[in-house]
Amino acid sequence: MSAMTHEEVRELLAAHVMELLLPEERASVVAHLAGCAECAREVESLRATSAELALAAPDRSFDARRCNGVRSRLLARTAADRDARARLAAGQLPEREPLSLRPPHATAPESAGGWRTASMVLAASVAGLILFGGSILVQSRRELAQARESESQRQRLIAGLIGPGVRLIELAPTERRPGSARMFWNQTLGAWTFLAYDLAIPAEGRTYQIWLITPDDRRISAGIFTPSADGNAIATTTYALAADSLTAVAVTEEPAGGVDAPSGDIVLLGAAR
Amino acid sequence: MIADVRSPDDADALVTRVAGGDEHALGVLYDRWSPLVFSVCVHILGDDDEAEEAVEETFWQAWRQAERYDVTRGAVATWLTTIARSRALDRLRASRRRQEETMSHLSETKRAAVDATTRRGDDPARSAEVAERRVLVRQALLALPLEQREVLELAYFRGLSQTEIAEHTGQPLGTVKTRVRLAMEKLRDRLGILRERDA
Numbered sequence: 001m002s003a004m005t006h007e008e009v010r011e012l013l014a015a016h017v018m019e020l021l022l023p024e025e026r027a028s029v030v031a032h033l034a035g036c037a038e039c040a041r042e043v044e045s046l047r048a049t050s051a052e053l054a055l056a057a058p059d060r061s062f063d064a065r066r067c068n069g070v071r072s073r074l075l076a077r078t079a080a081d082r083d084a085r086a087r088l089a090a091g092q093l094p095e096r097e098p099l100s101l102r103p104p105h106a107t108a109p110e111s112a113g114g115w116r117t118a119s120m121v122l123a124a125s126v127a128g129l130i131l132f133g134g135s136i137l138v139q140s141r142r143e144l145a146q147a148r149e150s151e152s153q154r155q156r157l158i159a160g161l162i163g164p165g166v167r168l169i170e171l172a173p174t175e176r177r178p179g180s181a182r183m184f185w186n187q188t189l190g191a192w193t194f195l196a197y198d199l200a201i202p203a204e205g206r207t208y209q210i211w212l213i214t215p216d217d218r219r220i221s222a223g224i225f226t227p228s229a230d231g232n233a234i235a236t237t238t239y240a241l242a243a244d245s246l247t248a249v250a251v252t253e254e255p256a257g258g259v260d261a262p263s264g265d266i267v268l269l270g271a272a273r
Numbered sequence: 274m275i276a277d278v279r280s281p282d283d284a285d286a287l288v289t290r291v292a293g294g295d296e297h298a299l300g301v302l303y304d305r306w307s308p309l310v311f312s313v314c315v316h317i318l319g320d321d322d323e324a325e326e327a328v329e330e331t332f333w334q335a336w337r338q339a340e341r342y343d344v345t346r347g348a349v350a351t352w353l354t355t356i357a358r359s360r361a362l363d364r365l366r367a368s369r370r371r372q373e374e375t376m377s378h379l380s381e382t383k384r385a386a387v388d389a390t391t392r393r394g395d396d397p398a399r400s401a402e403v404a405e406r407r408v409l410v411r412q413a414l415l416a417l418p419l420e421q422r423e424v425l426e427l428a429y430f431r432g433l434s435q436t437e438i439a440e441h442t443g444q445p446l447g448t449v450k451t452r453v454r455l456a457m458e459k460l461r462d463r464l465g466i467l468r469e470r471d472a
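Protein sequences appear in the order of chains A and B.
The numbers in our numbering rise by one with no breaks, and the one at position 144 of the first sequence is 144.
The numbers in our numbering rise by one with no breaks, and the one at position 92 of the second sequence is 365.
Since the hints were derived computationally from the structure, they do not count as laboratory data.
None of the hints are false.
Simulated coverage check for chain B against chain A, where a stretch passes if three residues somewhere in it have a Cβ under 8 Å from a Cβ of chain A:
#1 313-322
#2 350-359
Among chain B residues calculated to face chain A with C-beta under 8 Å, some are:
#3 Tyr303
#4 Ser307
#5 Leu414
#6 Gln435
#7 Glu458
#8 Leu460
#9 Leu464
Restraint-style ranges between C-beta atoms, simulated for each label pair:
#10 Asp283(B) / Arg65(A): 24 to 30 Å
#11 Ser368(B) / Arg65(A): 22 to 28 Å
#12 Thr289(B) / Ala242(A): 41 to 47 Å
#13 Gln412(B) / Asp63(A): 24 to 30 Å
#14 Gly465(B) / Leu22(A): 28 to 34 Å
#15 Ser368(B) / Thr5(A): 34 to 40 Å
These figures come from a predicted structure and were not determined experimentally.
Beta carbons: idealized from backbone N, C-alpha and C, even for Gly.
Go ahead and model the full structure; you've got the sequences and the hints to work with.
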């Protein structure tokens, strides 16, 4: 397209600030603006006008649950971002923007009096993440680079740990054996984050399974996990449960793949207060 | 820019803190402006779930680009709503690429062009200045001829190109271009932006 005249450009400035021009038109306008102070001033005032158009949007209520959910996810992303920047500054990791932590829209309801197995994401054995004293250490750059999924798992983990609606359930071993665990229940997000330490590695063909125990003695499976070689594990899941519907969290040892109802010994147990 | 749309100093200071990596400041910014941002996003997208995602992306971009905020170019509210519009239109256009726009949506769009300037409700924005400014902008829009208001609605909130507006309204492209220009210039004058800046 040949160079536009001043008058031709003037005709297009309103469309330009609203990003309505075709690429070649836009290129001509931008080139003209670089050398025309008058048009540049015109663009500034039209841009300000365009920006204010948004204020004409009809009022719509942003309901509290939705608003709080976005807030939690946003702040989890910023926390992860800050963490990533700090690691970048320390030369530890390539920079990568945290992804959105949006939970699924619909969480399957509990079946009446029945059992439900929620899909559990295992992080510890796959991603090389260890939670230690509240900070997340990345065991290996190579592992992180290989497992892109681990990044979103890490962010989901952070989202489950923070926010105003997080309850903590401490789990202790039921016998004289090593191990402990914590379950963070983010009631706003319906997110469950399970962190275990110093657990014995289960025997071949066996696994650990987490259970949410309700006041009417239902035992809802919250997934299975296998600790890493050092006995630590992180697992997360999402499941909507009413605030008054949790009595305890338990961990049992079960056949590999998990079971519909607890059958093995309770290894860890923690009461919900 | 008119003085009453200027964000209070504390709003500018908040953005400065956000630029410095202060998450608490972002939280305050979010609490103050997310209702307005949601209103913009849901008006563009017409879907609460999609709007929710766009709100998150808006504040995420604000977090990442806060150092680019230029207090001399506008208030915090318009900075955020400009980002919100871009993010919402990105989603809208992506959605359009996946699915043909239906005629029913177009008729809704036409109604929305009128609704945008006439509907009132409880203002979710906490800032009285912005609430007043919203009324002024709506009044200024309402004062435009209907056909000019319609092209602004289609261009600004639906992200349609001038060619697409011409197709949807059945008007010649040249007419659409003229309406866009006239509408924007009249709106600017009614909002007092030119007078303020020229002064």
